[in-house]
Amino acid sequence: MVSENDILQSGIFDFPVFPLAENIAGQGSGDNLKNILVCIADNNDPGLMGFLQKVMAAVKIDLPKDAFTLFLKPGQKFIFSDLANTHQFQKAIFFGLKPTDAGLNLNIQKYTPLKYNGKTFLFSDLLSEVQNKPALKRPLWEALKVVF
Numbered sequence: 018m019v020s021e022n023d024i025l026q027s028g029i030f031d032f033p034v035f036p037l038a039e040n041i042a043g044q045g046s047g048d049n050l051k052n053i054l055v056c057i058a059d060n061n062d063p064g065l066m067g068f069l070q071k072v073m074a075a076v077k078i079d080l081p082k083d084a085f086t087l088f089l090k091p092g093q094k095f096i097f098s099d100l101a102n103t104h105q106f107q108k109a110i111f112f113g114l115k116p117t118d119a120g121l122n123l124n125i126q127k128y129t130p131l132k133y134n135g136k137t138f139l140f141s142d143l144l145s146e147v148q149n150k151p152a153l154k155r156p157l158w159e160a161l162k163v164v165f
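For the sequence shown, the tail end lands on 165 under the numbering used here, and the numbers increase by one without skipping.
Simulated from the structure, these hints should not be mistaken for laboratory data.
C-beta: ideal position from N, C-alpha, C; glycine also.
Any given hint could turn out to be false.
[Stated by the list, open to error] The calculated lysine-lysine pairs, modelled on PhoX-like cross-linking and capped at a C-alpha distance of 25 Å, are:
#1 Lys90 to Lys127
#2 Lys150 to Lys162
#3 Lys154 to Lys82
[To be verified] For each label pair, taking beta carbons as the anchor points, the in silico distance ranges come out as:
#4 Asn149 to Asn122: 27 to 33 Å
#5 Leu50 to Asn124: 28 to 34 Å
#6 Asn149 to Leu50: 15 to 21 Å
#7 Lys162 to Gly92: 29 to 35 Å
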């Protein structure tokens with residue numbers, strides 16, 4: 018019998034508070050020589066990848082060699098700290114994600130780099146939106162210059 022004061026045994030806490038994110042450490046690609054995460058919540062379109070490679074080349078980042086690139090499905094969540102512990106990221110760029118999607122409790126505006134806990138974070142609109150809307154390219158470019 019459960020006593021009135023035995024809340025831990027009452028079954029009230031027998032459900033997850035929030036859904037656990039899956040471990041995605043092996044889902045990305047790239048050599049990560051410069052400890053950079055590029056995380057994209059968009060379709061894995063070859064045209065998008067070409068655009069991203071051009072953008073990163075403009076700040077002297079060779080995407081396949083210098084970064085770890087991760088494409089996520091819409092709505093897919095993960096824990097950045099788990100991924101960072103595996104890959105030792107120093108910089109993280111997120112396209113189409115909110116900080117909470119990466120398990121980060123940060124209050125950050127898009128296109129405003131934030132240095133926190135020895136890591137630099139940058140959040141942006143969806144990569145496909147940046148590619149198709151010239152008004153979004155300038156803020157991304159300015160932010161990338163600050164990050165790199």
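message: 27 to 33 Å was suggested as the range; check whether the CB atoms of Asn149 and Asn122 agree with it.
response: Since the Cβ atoms of Asn149 and Asn122 sit about 31 Å apart, the hinted range of 27 to 33 Å holds.
task: Take a look at whether the Cβ-Cβ distance between Lys162 and Gly92 falls inside 29 to 35 Å.
output: 31 Å, holds
message: Taking 15 to 21 Å as the stated bounds, is the beta-carbon spacing between Asn149 and Leu50 within them?
response: Cβ of Asn149 to Cβ of Leu50: about 30 Å, so the range 15 to 21 Å is violated.
query: Between Lys90 and Lys127, does the CA-CA distance stay at or below 25 Å?
result: 20 Å, holds
- prompt: Taking the CB of Leu50 and the CB of Asn124, does the distance hold inside 28 to 34 Å?
  reply: 31 Å, holds
message: Can you confirm whether the C-alpha distance between Lys150 and Lys162 stays at or below 25 Å?
response: 19 Å, holds
query: Under the criterion that the straight-line Cα-Cα distance not exceed 25 Å, is the pair Lys154, Lys82 satisfied?
result: Holds - the C-alpha atoms of Lys82 and Lys154 are around 24 Å apart, at most 25 Å.
Figure legend: structure checked against the earlier numbered hints; the only hint not met is number 6.
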